[in-house]
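A.B. asks: Chain by chain, the residues run as shown.
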Amino acid sequence: MRALVRGLSRTASKFLNLFFELCWLVPIHVADDERLVRAIYSPYHVKNNRLKHQAYDPTPKTDEVSVMRFEHMGARLCKRKAKSFENPAKKVYRGFAVLRTDAVHASHMEVADSRKYYCGHADIRFQMEELKTLEPGEPLEPPAQKRLRDLKDALLLASNYVSDPNPQKASWHGGNLEPPV
Amino acid sequence: MSRSTNITQFPQIGVTTSIVEFANPSLSCFYLRPLPALIVTSEPLAAQATLQELSKLKKDWDGYGALPITPDSCAHAQRLLAATPQGMTAPEITPTSNGTITFEWTSSEGDALIEIGRTRYSGHIQPKHGQTFYLQGGLAVGPDQQVATEQVIAVIKELLYASLGSRSLTHSVQISKPVF
Chain S
1 MRALVRGLSR TASKFLNLFF ELCWLVPIHV ADDERLVRAI YSPYHVKNNR
51 LKHQAYDPTP KTDEVSVMRF EHMGARLCKR KAKSFENPAK KVYRGFAVLR
101 TDAVHASHME VADSRKYYCG HADIRFQMEE LKTLEPGEPL EPPAQKRLRD
151 LKDALLLASN YVSDPNPQKA SWHGGNLEPP V
Chain W
1001 MSRSTNITQF PQIGVTTSIV EFANPSLSCF YLRPLPALIV TSEPLAAQAT
1051 LQELSKLKKD WDGYGALPIT PDSCAHAQRL LAATPQGMTA PEITPTSNGT
1101 ITFEWTSSEG DALIEIGRTR YSGHIQPKHG QTFYLQGGLA VGPDQQVATE
1151 QVIAVIKELL YASLGSRSLT HSVQISKPVF
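First to last, the protein sequences are chains S and W. For the first sequence, my numbering begins at 1 and goes up steadily by one. For the second sequence, my numbering begins at 1001 and goes up steadily by one.
Keep in mind that the hints were calculated from the coordinates and are not lab data. Ideal Cβ placement from N, Cα and C applies to all residues, glycine included. Be aware that one or more of the hints could be misleading.
[Said to hold, decoys possible] Restraint-style ranges between C-beta atoms, simulated for each label pair:
1. His173/S with Asp1144/W: 55 to 61 Å
2. Gly1130/W with Ala170/S: 47 to 53 Å
3. Arg76/S with Lys1058/W: 24 to 30 Å
4. Gln1048/W with Asp153/S: 43 to 49 Å
5. Gly1142/W with Ala170/S: 53 to 59 Å
6. Asp1144/W with Ser163/S: 43 to 49 Å
[Claimed, not checked] Only part of the chain W face toward chain S is listed, based on derived beta-carbon distances under 10 Å:
7. Leu1045
8. Gln1048
9. Lys1058
10. Asp1060
11. Asp1062
12. Tyr1064
13. Pro1068
14. Ile1069
15. Thr1096
16. Ile1114
17. Gly1117
18. Ser1122
19. Gln1126
20. His1129
21. Thr1132
22. Tyr1161
[Claimed, not checked] Result set (EDC-like, lysine to aspartate or glutamate): computed pairs, CA atoms no more than 20 Å apart in a straight line:
23. Lys1128/W with Asp153/S
24. Lys132/S with Glu110/S
25. Lys132/S with Asp1060/W
26. Lys83/S with Glu21/S
27. Lys1058/W with Glu86/S
28. Lys47/S with Asp1111/W
29. Lys1058/W with Glu135/S
30. Lys47/S with Asp1072/W
31. Lys81/S with Glu1053/W
32. Lys1128/W with Asp150/S
33. Lys1059/W with Glu21/S
34. Lys52/S with Asp1072/W
35. Lys61/S with Asp1060/W
36. Lys146/S with Glu1109/W
All chains, please: the whole structure from these sequences, using the hints.
C.D. replies: Printed below as a string of structure tokens:
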């Protein structure tokens, strides 16, 4: 019964978000069973149809990686957002990396809703203070750099890359957006 | 106790080899003191072209707010690339969201990463078996610095590509803590 209610609520929140950009039914808490998707752009996120660790590079001056809450956005809205950040000359939308929240927690990272950007936006937090104070254009100290690389590798392991067979179309026609089994 | 290892290159090419000594293997980081060494340079055109492309990246090139790659980082990366010796594959070159450039090598012996910034580099070597080696240093322009960065490449070559070719010793390089 509880699962049914949650399912209905997620479906309703997805439609409100898609058609009216309303966040009323999207909970602040990101549940363990929620799927998170990260938009993937070529050429720097994928190589030979495989994700590279650069796909999970944190946003500068933060220890965060932007993701979308799939249960509350749906494939169509996720794709619309992904394509809105596309730059045909330099970064071409290619598909999504999908992972589940509990896999992120298992690798000692956090997931937090960040709807200030748009409804359904969330951040994976590496929980590395060094990243927040990192000088632009300079690398991390070696041990911190190794730690970040290990965390990004953990995200790669927890992710399933699903390429979009029709990137130009508005709707999603690719495979199931499911994390690895 | 010190640990030493030798850097080798293909004898048929007739190039110089080096010894690299880890002054203290228990150190989490080690530093290079520049000493003269001969490194045969190569210029993989594809890698150079990649670097030129990176220098053109604008702000937010990854769609997630990435910083542009600085001209200094590109210049340092080109120098490092030119120091890649024979017997070593060209690195995979990738920009990072913080405006730096990473060089990555992968072989059957392990993998290595060097991130090149405006004024310094940082990296690590992870052999398949054994401890992680951390690398870091400044990137000022000058002959001493050139030698130091060449030695970093030599260490990577030794640890990742040592099984390629036979070994011969003609030169030695000490690695020790820097004197500031």
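A.B. asks: If a hint holds in the structure, say so; if it does not, say that too.
C.D. replies: Evaluation of the provided hints:
Here the CB-CB span from His173/S to Asp1144/W is close to 58 Å, well matched to the stated 55 to 61 Å. A hinted range of 47 to 53 Å for the beta carbons of Gly1130/W and Ala170/S is consistent with their spacing of about 51 Å. Against the hinted window of 24 to 30 Å, the Cβ-Cβ separation of Arg76/S and Lys1058/W comes to about 29 Å, which satisfies the hint. Between Gln1048/W and Asp153/S the Cβ separation comes to about 28 Å, which falls outside the hinted range of 43 to 49 Å.
About 55 Å separates the C-beta atoms of Gly1142/W and Ala170/S, a value consistent with the hinted range of 53 to 59 Å. Look at Asp1144/W against Ser163/S: about 47 Å separates their beta carbons, and that is inside 43 to 49 Å. Interface restraint check: Leu1045/W against chain S, minimum CB-CB distance 18 Å, threshold 10 Å, status violated. For the restraint placing Gln1048/W at the interface with chain S, the shortest Cβ-Cβ distance is roughly 17 Å, beyond the 10 Å limit, so the hint is violated.
This hint holds: Lys1058/W has a C-beta 7 Å from the nearest C-beta of chain S, less than the 10 Å allowed. A distance limit of 10 Å between C-beta atoms decides the matter here; for Asp1060/W the minimum to chain S is near 8 Å, and the interface restraint holds. A cut of 10 Å between beta carbons decides the hint on Asp1062/W: the least distance to chain S is about 6 Å, and the hint holds. The beta carbon of Tyr1064/W is positioned within 10 Å of a beta carbon in chain S (closest approach about 6 Å), and the interface hint is therefore held.
Interface hint at Pro1068/W: satisfied, since its Cβ lies 9 Å from the closest Cβ of chain S, which is below the 10 Å cut-off. With a least beta-carbon distance of about 8 Å to chain S, the hint placing Ile1069/W at the interface is held under the 10 Å criterion. Evaluation of the Thr1096/W hint against chain S yields a held restraint, the C-beta minimum of about 6 Å falling below 10 Å. With a least beta-carbon distance of about 9 Å to chain S, the hint placing Ile1114/W at the interface is held under the 10 Å criterion.
This hint holds: Gly1117/W has a C-beta 4 Å from the nearest C-beta of chain S, less than the 10 Å allowed. Taking 10 Å as the C-beta contact cut-off toward chain S, the hint placing Ser1122/W at the interface holds, the least distance being around 4 Å. Taking 10 Å as the C-beta contact cut-off toward chain S, the hint placing Gln1126/W at the interface holds, the least distance being around 8 Å. Against a cut-off of 10 Å between C-beta atoms, the interface hint on His1129/W is violated, since the closest Cβ of chain S lies about 17 Å away.
At about 6 Å, the closest approach between the beta carbon of Thr1132/W and any beta carbon in chain S falls short of 10 Å, and the interface hint on this residue holds. Taking 10 Å as the C-beta contact cut-off toward chain S, the hint placing Tyr1161/W at the interface is violated, the least distance being around 21 Å. The straight-line distance between the Cα atoms of Lys1128/W and Asp153/S is roughly 16 Å, inside the 20 Å bound, and the hint therefore holds. Simply put, Lys132/S and Glu110/S have alpha-carbon atoms about 16 Å apart, close enough for the 20 Å limit, and the pair holds.
Between the alpha carbons of Lys132/S and Asp1060/W the distance comes to roughly 18 Å, so the proposed pair stays at or under 20 Å and holds. A threshold of 20 Å between alpha carbons decides the hint, and for Lys83/S with Glu21/S the separation of about 17 Å falls inside it, so the pair holds. Only pairs whose Cα atoms come within 20 Å are accepted, and Lys1058/W paired with Glu86/S is accepted, the gap being roughly 13 Å. Of the pairs offered as hints, the one joining Lys47/S and Asp1111/W holds, with about 17 Å between alpha carbons and a cut-off of 20 Å not exceeded.
With a C-alpha separation of about 18 Å, the suggested pair Lys1058/W and Glu135/S falls inside the 20 Å cut-off, and the hint holds. Taking the CA atoms of Lys47/S and Asp1072/W, the gap is about 27 Å. The hint is violated against a cut of 20 Å. Using a Cα cut-off of 20 Å, the hinted pair Lys81/S and Glu1053/W is violated, with the two alpha carbons roughly 26 Å apart. For the hint pairing Lys1128/W with Asp150/S, the CA-to-CA distance comes to about 15 Å; that is within 20 Å, so the pair holds.
For a cut-off of 20 Å, the pair hint linking Lys1059/W to Glu21/S is broken: about 28 Å separates their Cα positions. The straight-line distance between the Cα atoms of Lys52/S and Asp1072/W is roughly 25 Å, outside the 20 Å bound, and the hint therefore fails. Of the supplied pair hints, the one linking Lys61/S and Asp1060/W holds, its CA atoms being roughly 13 Å apart against a limit of 20 Å. Between Lys146/S and Glu1109/W the CA atoms are separated by roughly 18 Å; this keeps the pair inside 20 Å, and the hint holds.
In this structure, the hints that do not hold are numbers 4, 7, 8, 20, 22, 30, 31, 33 and 34, in rising order.
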